[in-house]
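A.B. asks: With the hints as constraints, model all of the structure from the sequences given.
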Amino acid sequence: MSFDVRRGEVFGFLGSNGAGKSTTIRMLCGLLTPSSGRAEVDGLDVGNDPEGVKRRIGYMSQRFSLYELLTVDQNIRFYAGLYGLSGDRLERRRAFALEIGGLVGRETELARTLSGGWRQRLALGCALLHEPPILFLDEPTGGVDPVSRREFWRLIDDLSRAGTTVLVTTHYLDEAERCDRVAIMHAGRLAALGTTAELKSAFDARPILEVRSPDPVSLMAWLDTQPSVEKTSLFGTAVHAVMRNAAATPAGLRQAIEADGRQVTSVVPVMPSLEDVFLDVVDRLDRVPA
Amino acid sequence: MTNVWAVALKELRQIRRDRRTLLILLFIPGFFLFLYGYALNFDIRHVPLAVQDRDQSPESRALAASFVQSTYFDLVAAVTTDAEAVALMDRDDIRALLVVPEDFSRRLKRGEAAEVQVILNGDNANTATTVMGYVNAILADASVRLGPTSSQALVGAAPRIWYNPELRSTLFLVPGLIAYIATITAVVSTALSIVREKELGTMEQVRMAPISTTAFVLGKTLPYLILSQASAMIVIVAAMLLFGLPMRGDWFSLSVVVALFLVGALGTGLLVSTMSDTQQIALQTALLIAFLPTFMLSGFIFPIASMPAPLQYITAIVPARYFLIALRGVVLKGLDLGALWQPLLALVAFAVAVLGLSAVRLARR
Numbered sequence: 001m002s003f004d005v006r007r008g009e010v011f012g013f014l015g016s017n018g019a020g021k022s023t024t025i026r027m028l029c030g031l032l033t034p035s036s037g038r039a040e041v042d043g044l045d046v047g048n049d050p051e052g053v054k055r056r057i058g059y060m061s062q063r064f065s066l067y068e069l070l071t072v073d074q075n076i077r078f079y080a081g082l083y084g085l086s087g088d089r090l091e092r093r094r095a096f097a098l099e100i101g102g103l104v105g106r107e108t109e110l111a112r113t114l115s116g117g118w119r120q121r122l123a124l125g126c127a128l129l130h131e132p133p134i135l136f137l138d139e140p141t142g143g144v145d146p147v148s149r150r151e152f153w154r155l156i157d158d159l160s161r162a163g164t165t166v167l168v169t170t171h172y173l174d175e176a177e178r179c180d181r182v183a184i185m186h187a188g189r190l191a192a193l194g195t196t197a198e199l200k201s202a203f204d205a206r207p208i209l210e211v212r213s214p215d216p217v218s219l220m221a222w223l224d225t226q227p228s229v230e231k232t233s234l235f236g237t238a239v240h241a242v243m244r245n246a247a248a249t250p251a252g253l254r255q256a257i258e259a260d261g262r263q264v265t266s267v268v269p270v271m272p273s274l275e276d277v278f279l280d281v282v283d284r285l286d287r288v289p290a
Numbered sequence: 001m002t003n004v005w006a007v008a009l010k011e012l013r014q015i016r017r018d019r020r021t022l023l024i025l026l027f028i029p030g031f032f033l034f035l036y037g038y039a040l041n042f043d044i045r046h047v048p049l050a051v052q053d054r055d056q057s058p059e060s061r062a063l064a065a066s067f068v069q070s071t072y073f074d075l076v077a078a079v080t081t082d083a084e085a086v087a088l089m090d091r092d093d094i095r096a097l098l099v100v101p102e103d104f105s106r107r108l109k110r111g112e113a114a115e116v117q118v119i120l121n122g123d124n125a126n127t128a129t130t131v132m133g134y135v136n137a138i139l140a141d142a143s144v145r146l147g148p149t150s151s152q153a154l155v156g157a158a159p160r161i162w163y164n165p166e167l168r169s170t171l172f173l174v175p176g177l178i179a180y181i182a183t184i185t186a187v188v189s190t191a192l193s194i195v196r197e198k199e200l201g202t203m204e205q206v207r208m209a210p211i212s213t214t215a216f217v218l219g220k221t222l223p224y225l226i227l228s229q230a231s232a233m234i235v236i237v238a239a240m241l242l243f244g245l246p247m248r249g250d251w252f253s254l255s256v257v258v259a260l261f262l263v264g265a266l267g268t269g270l271l272v273s274t275m276s277d278t279q280q281i282a283l284q285t286a287l288l289i290a291f292l293p294t295f296m297l298s299g300f301i302f303p304i305a306s307m308p309a310p311l312q313y314i315t316a317i318v319p320a321r322y323f324l325i326a327l328r329g330v331v332l333k334g335l336d337l338g339a340l341w342q343p344l345l346a347l348v349a350f351a352v353a354v355l356g357l358s359a360v361r362l363a364r365r
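Going down the list, the protein sequences come from chains A and B.
Quick note on numbering: the first sequence equals residues 1 to 290 in the numbering used here.
Quick note on numbering: the second sequence equals residues 1 to 365 in the numbering used here.
Hint data in this document are derived by calculation from the structure and do not stem from the laboratory.
Misleading hints may appear alongside valid ones.
Heads up, simulated SDA-like pairs for lysine to any residue below, C-alpha to C-alpha not over 20 Å straight-line [to be verified]:
1) B:K198 - A:R112
2) B:K198 - A:V281
3) A:K231 - A:G163
4) B:K198 - A:L31
5) B:K198 - A:Y172
6) B:K198 - A:Q62
Across the chosen pairs, the derived CB separations fall in these ranges [stated by the list, open to error]:
7) B:M307 - A:N48: 49 to 57 Å
8) A:S115 - B:G356: 39 to 47 Å
9) A:E275 - B:G356: 48 to 56 Å
10) A:N48 - B:Q284: 34 to 42 Å
11) B:P246 - A:G52: 53 to 61 Å
12) B:G356 - A:E151: 44 to 52 Å
13) A:N48 - B:L9: 27 to 35 Å
Residues from chain B shown here face chain A by an in silico Cβ test under 10 Å; the list is partial [unchecked claim]:
14) L200
15) M203
16) Q205
17) I211
18) T214
19) L218
The C-beta atom is built at its ideal place from N, Cα and C for all residues, glycine as well.
C.D. replies: This is the structure we're talking about:
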């Protein structure tokens, strides 16, 4: 795979488990040595200067790696110590991390007693102590409730506006929608890359019709045999049919279904979602042998 | 250097709140010393003894008394016939029988060799051998006191046992116990503390920071080195108070010997941590590569000289073996470091080897 990330953008890696998202991030952080190829982070070659890269990046994984037996403050001071922060800067960044974590006044609580959302934000605060221009987030919202997730993404937007480049892996499509650009990964390969609008433009000439029916499964099987239908996928109880012809209409498809003596509740055109894009890209990649 | 201190400080703070580690480091050593110190005692006391005194002289009674006074024997019966003695021995009421012949005092007065007969129950060969040692010691002692002047003494070996004249097994065992306890605390606490970081994911987080593996490992192991050194010294002092372990050498040499052994043990803990991903596996690995050799192959309990040749070669790479030589050398013999250069060199070599091996394994990840 080959890609560039622009300064200050939120760059998402979307993919199912085992697609290679974390591996990519670990290689970019210098934690794993690639078997071939090269990468530059903030202008530094990861292979030649992994220590330099480490000074310029912040990293946080879904495990929110805090020391459970240390207090909030002791965790912050430990990570600050690793980056050699001291004096005024230490105090300033410590205050910042507490602010980010929303933990002002709770400095002496043990990290063990914090709930998922608080731990996540404290871990983020710790990852930002040394003011890294680039932040790597490896599935940062795993195991966190929806309210905390929303809150967390608000923080990411703030950071990005302040000029921090954010690379984030996720398997949540709604999170990927919030990224400036998304890289879709599948089976260790970069399957597609672009803004969400660019990715969705793959459906410009292939309208998606959402078909509802009392019996979606058999209807889907039948649609797959129709020459006008490129492919289908199940979205809850509805079927999304990707049409081959840009001029295909809901009324046309409904007629065809009813002509076959099948029941249909509704057929409406829908805007492609990132999920449609993801399924489409993965499907195409699986068909073409690597 | 500042980040080494950051890691060490963090580790100390963690240990302070971690009851399990504190238990391993501070409570277990004392507990083991107490338990093993009293249980692992090869000395045999209060062997039930019967006396068949056919002489009935002051000398024969003095001889019987010296058996009892030794506290190794309890006089449980005085018998007159062989049949009585056999019956007692058969019922296991006695485990030793002293037979003093009729002419015992007469021969003594004439300056002739006066023999007595001692019959021991040999169903436990180890016990019998030990008891025989006591018997010989008592008889040798008695023959000096009861016998005529030295000019008429018979020619014979007069063995003297140095460093541990009473051959108290405690003095021999306690140094081994100290090695065993130090192995447990140092190897296990180090291995667990590193593997715990792997389990928690903090290891990965730290690896993302600009801190070298060496600095991280140094920061993590230094607190354990200091704590295990303190723990080992406490155990040694406790052994002196509880079991009368002497201190014939100097404390500086003792500290150096202990420290060298502990560095190797911490290195072993580090090596164990590179081979394990969970604390359970770490514990089992430590058991296999550290405890068992220390217990079986160090000369702690089983003498190396009586092992089959292949096992003897294996003991050459067991650090506890050299630690025992050096520790016994300092406490029992009062040797200084110069006299112990060989075992100390072996300890250094072991420490360098395990640390080097761990470094290679850590770097490969």
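A.B. asks: Run every hint past the structure and note whether it holds.
C.D. replies: Here is how each hint holds up against the structure:
1. B:K198 - A:R112: holds, 17 Å
2. B:K198 - A:V281: violated, 36 Å
3. A:K231 - A:G163: violated, 41 Å
4. B:K198 - A:L31: holds, 14 Å
5. B:K198 - A:Y172: violated, 27 Å
6. B:K198 - A:Q62: holds, 14 Å
7. B:M307 - A:N48: 49 to 57 Å: holds, 53 Å
8. A:S115 - B:G356: 39 to 47 Å: The hinted range 39 to 47 Å holds for S115 (chain A) and G356 (chain B), with Cβ atoms some 44 Å apart.
9. A:E275 - B:G356: 48 to 56 Å: Distance hint for E275 (chain A), G356 (chain B) holds at roughly 53 Å.
10. A:N48 - B:Q284: 34 to 42 Å: holds, 40 Å
11. B:P246 - A:G52: 53 to 61 Å: Hint holds: Cβ distance 58 Å, inside 53 to 61 Å.
12. B:G356 - A:E151: 44 to 52 Å: holds, 48 Å
13. A:N48 - B:L9: 27 to 35 Å: holds, 32 Å
14. L200: This interface hint holds because 6 Å falls under the 10 Å limit.
15. M203: holds, 8 Å
16. Q205: holds, 4 Å
17. I211: Holds, about 5 Å.
18. T214: violated, 13 Å
19. L218: Check failed: Cβ of L218 (chain B) comes no nearer than 13 Å to chain A, outside 10 Å.
This entry does not satisfy hints 2, 3, 5, 18, 19, going by the numbered hints stated previously.
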